[in-house]
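**Student:** Each chain, written out:
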Amino acid sequence: MTLAVWIPLLLPLLAAPLARRLAEQLAPRTAALTLAATAAALGTAALASLGLLTVTGLLHLPYAAALAHFTPARRLPDALSGTQWAPAAAAAALALLVIGALAARTAHHQLADLRRARRATGDAPAGLRARLRRSGPAALTVLDDHRADAYALPGRPPRIVATTGMLAALSAPERAALLAHERAHLAGRHHLLLAAAEYAAACHPALRPLRGALGYHLERWADECAAAEVGDRALTARAIGRAALAASRAPADPRPRLAPAAAGGPVPRRVRALLTPGRPRSRRTARTLAALALAGCLAAAAVTTAEAGHDLHRAVETAQGERPAPHH
Amino acid sequence: MTDSPARRPSGELESQVLAALWAAGAPLTPQQVQDAVDADLARTTVATILARLHEKGTVARSKAGRSFAYTPTVQDADGLAARRMRTELDRGRDRSTVLARFVSDLSDEDERLLRDLLGDQS
Numbered sequence: 000m001t002l003a004v005w006i007p008l009l010l011p012l013l014a015a016p017l018a019r020r021l022a023e024q025l026a027p028r029t030a031a032l033t034l035a036a037t038a039a040a041l042g043t044a045a046l047a048s049l050g051l052l053t054v055t056g057l058l059h060l061p062y063a064a065a066l067a068h069f070t071p072a073r074r075l076p077d078a079l080s081g082t083q084w085a086p087a088a089a090a091a092a093l094a095l096l097v098i099g100a101l102a103a104r105t106a107h108h109q110l111a112d113l114r115r116a117r118r119a120t121g122d123a124p125a126g127l128r129a130r131l132r133r134s135g136p137a138a139l140t141v142l143d144d145h146r147a148d149a150y151a152l153p154g155r156p157p158r159i160v161a162t163t164g165m166l167a168a169l170s171a172p173e174r175a176a177l178l179a180h181e182r183a184h185l186a187g188r189h190h191l192l193l194a195a196a197e198y199a200a201a202c203h204p205a206l207r208p209l210r211g212a213l214g215y216h217l218e219r220w221a222d223e224c225a226a227a228e229v230g231d232r233a234l235t236a237r238a239i240g241r242a243a244l245a246a247s248r249a250p251a252d253p254r255p256r257l258a259p260a261a262a263g264g265p266v267p268r269r270v271r272a273l274l275t276p277g278r279p280r281s282r283r284t285a286r287t288l289a290a291l292a293l294a295g296c297l298a299a300a301a302v303t304t305a306e307a308g309h310d311l312h313r314a315v316e317t318a319q320g321e322r323p324a325p326h327h
Numbered sequence: 000m001t002d003s004p005a006r007r008p009s010g011e012l013e014s015q016v017l018a019a020l021w022a023a024g025a026p027l028t029p030q031q032v033q034d035a036v037d038a039d040l041a042r043t044t045v046a047t048i049l050a051r052l053h054e055k056g057t058v059a060r061s062k063a064g065r066s067f068a069y070t071p072t073v074q075d076a077d078g079l080a081a082r083r084m085r086t087e088l089d090r091g092r093d094r095s096t097v098l099a100r101f102v103s104d105l106s107d108e109d110e111r112l113l114r115d116l117l118g119d120q121s
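Listed in order, the protein sequences are those of chains F and V.
Counting from 1, position 80 in the first sequence corresponds to residue 79 in numbering that gives the first Met the number 0; the numbering is continuous, with no gaps.
Counting from 1, position 110 in the second sequence corresponds to residue 109 in numbering that gives the first Met the number 0; the numbering is continuous, with no gaps.
If you're looking for bench data, these hints aren't it; they were derived computationally from the structure.
Source: prediction; values computed, not measured.
Be aware that a few hints might be false.
In silico SDA-like links for lysine to any residue, alpha-carbon gap of 25 Å or less [as the list claims (entries may be wrong)]:
#1 V:Lys55 with F:Leu297
#2 V:Lys55 with V:Asp37
#3 V:Lys55 with F:His107
#4 V:Lys55 with F:Gly164
#5 V:Lys55 with F:Ala171
#6 V:Lys55 with F:Thr163
#7 V:Lys55 with F:Arg118
#8 V:Lys55 with F:Thr29
#9 V:Lys55 with V:Ala35
#10 V:Lys55 with F:Gln109
#11 V:Lys55 with F:Ala301
#12 V:Lys55 with F:Tyr198
#13 V:Lys55 with F:Pro156
#14 V:Lys55 with F:Ala285
#15 V:Lys55 with F:Ala138
#16 V:Lys55 with F:Asp231
From chain F, some residues computed to sit far from chain V (all C-beta separations above 10 Å) [unchecked claim]:
#17 Arg19
#18 Leu169
#19 Ser170
Think of the CB as a built atom: it goes at the ideal place given N, C-alpha and C, for glycine as much as any other residue.
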């Protein structure tokens with residue numbers, strides 16, 4: 000077993016900030032896809048590394064070694080044994096348990112939220128007929144609530160949910176922009192990208208900041224779709240701005256506000272991006288370099304994971320007596 | 000808007016008509032719906048959409064002079080379910096990532112920035 004197994008666990012520390020920087024310089028759709036792909040790839044690689052470390056540790060146990068049909072005299076070759084592997088393997092096993100618990104919690108929250116949101120629309124729990132029916136364009140469901148809120152509800156049938164408070168706060172053209180924005184979320188199946196980032200965040204703490212970044216770029220993506228559909232960027236910007244102001248005027252309950260960031264929160268940034276399109280992006284060379292560096296990180300994650308898997312496979316074959324032990 | 004409304008999917012227009020009815024807060028005649036929707040819809044298209052919504056039970060209609068006036072029907076028969084969902088989602092600490100919301104929360108600074116950005120348009 001070589002150093003390779005550790006690399007995928009370290010790469011997110013470098014690649015996650017890199018991906019966020021790069022995303023800022025890309026068009027919303029490309030940015031979102033880059034962030035989601037980065038999170039998914041690095042999360043998978045980290046998971047694989049932890050799995051390999053755990054299996055290595057397990058194979059040191061006599062019982063597991065017997066199950067794996069190791070030649071008793073050989074057990075694992077020196078490269079794999081050695082006391083330094085025991086704590087590493089134990090830590091990896093613990094990390095896997097934590098990840099499993101986090102992923103289960105995420106799945107539980109997401110399903111509970113979806114079920115609750117679905118119930119609020121008055122839909123029966125999706126029956127067989129609803130599942131089989133080809134879903135047409137998302138219908139609008141209106142909730143009788145004076146507080147302004149709107150969201151896209153994925154699933155079958157997909158729905159756009161808006162409160163009466165939100166619809167009343169907007170003019171007719173602004174409502175068209177809102178509907179187009181939510182339709183873009185559903186058509187692009189953005190919830191799947193968000194879910195991928197969510198589970199990746201459970202796999203490695205350094206991947207957590209990618210969730211928020213992805214959320215922002217998905218909103219931007221839907222904003223651009225809406226602006227293209229209604230044919231008016233300023234109108235779309237106004238719809239977002241007025242919706243946000245309406246939503247904050249009647250909050251459900253007072254929440255502590257976070258300290259404002261220098262550039263403002265996501266909503267002002269989205270509005271600004273629509274009002275000032277084609278703002279000077281950073282130089283193309285810088286963008287290319289960042290893209291290359293990120294691609295390098297992802298390639299390194301893939302190669303080192305494969306390498307570590309291959310190493311373990313060889314070591315196991317050696318211990319099973321199918322391959323002569325390496326000289327040392 | 001360049002493409003003709005007739006070529007756009009019917010679900011889209013239904014949503015716009017429904018949104019207009021809800022936003023109005025009072026019964027609307029087809030003529031008023033036509034004015035309230037931001038799409039260049041023919042009178043017959045509006046009538047067809049309203050008839051379809053009425054068939055589905057999404058809107059109710061009442062006689063208003065020579066034509067009908069339409070009101071949206073309350074879909075969440077127990078509005079309680081909706082309210083419960085909101086209060087639970089609004090607890091905020093771990094907001095659902097599956098529901099992409101149109102707008103996120105604003106800080107006070109955000110609110111000021113937004114008003115500046117929208118300027119006189121708001």
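**Student:** All hints are to be evaluated individually against the structure, with a verdict given for each.
**Tutor:** Verification of the hints:
1. With a C-alpha separation of about 51 Å, the suggested pair Lys55 of chain V and Leu297 of chain F falls outside the 25 Å cut-off, and the hint is violated.
2. Between Lys55 of chain V and Asp37 of chain V, the direct Cα distance comes to roughly 23 Å. Compliance with the 25 Å bound is thereby established for this hinted pair.
3. Of the pairs offered as hints, the one joining Lys55 of chain V and His107 of chain F is violated, with about 34 Å between alpha carbons and a cut-off of 25 Å exceeded.
4. Restraint check for Lys55 of chain V and Gly164 of chain F: satisfied, since their Cα atoms lie roughly 24 Å apart, inside the 25 Å limit.
5. For the given pair, Lys55 of chain V sits about 23 Å from Ala171 of chain F by alpha-carbon distance, which is consistent with the 25 Å threshold.
6. The suggested pairing of Lys55 of chain V with Thr163 of chain F holds, with an alpha-carbon distance near 20 Å, which does not exceed 25 Å.
7. Only pairs whose Cα atoms come within 25 Å are accepted, and Lys55 of chain V paired with Arg118 of chain F is accepted, the gap being roughly 19 Å.
8. Taking the CA atoms of Lys55 of chain V and Thr29 of chain F, the gap is about 40 Å. The hint is violated against a cut of 25 Å.
9. Restraint check for Lys55 of chain V and Ala35 of chain V: satisfied, since their Cα atoms lie roughly 21 Å apart, inside the 25 Å limit.
10. Distance check on the hinted pair: Lys55 of chain V and Gln109 of chain F sit about 30 Å apart at the alpha-carbon level, beyond 25 Å; violated.
11. Of the pairs offered as hints, the one joining Lys55 of chain V and Ala301 of chain F is violated, with about 52 Å between alpha carbons and a cut-off of 25 Å exceeded.
12. Restraint check for Lys55 of chain V and Tyr198 of chain F: not satisfied, since their Cα atoms lie roughly 39 Å apart, outside the 25 Å limit.
13. A threshold of 25 Å between alpha carbons decides the hint, and for Lys55 of chain V with Pro156 of chain F the separation of about 15 Å falls inside it, so the pair holds.
14. Between the alpha carbons of Lys55 of chain V and Ala285 of chain F the distance comes to roughly 55 Å, so the proposed pair goes past 25 Å and is violated.
15. A distance of roughly 12 Å separates the Cα atoms of Lys55 of chain V and Ala138 of chain F; the hinted pair therefore holds under the 25 Å criterion.
16. Among the hinted pairs, Lys55 of chain V with Asp231 of chain F is inconsistent with the structure: their alpha-carbon atoms are about 33 Å apart, more than 25 Å.
17. At roughly 17 Å, the least C-beta separation between Arg19 of chain F and chain V is larger than 10 Å, which holds for a residue marked as non-interface.
18. Non-interface status of Leu169 of chain F relative to chain V is broken: a Cβ of that chain comes within 10 Å, the nearest being about 7 Å off.
19. Under the 10 Å C-beta cut-off, the non-interface status given to Ser170 of chain F relative to chain V is violated; the minimum distance is some 8 Å.
In summary, the structure is inconsistent with hints 1, 3, 8, 10, 11, 12, 14, 16, 18 and 19 from the numbered list given earlier, while agreeing with the others.
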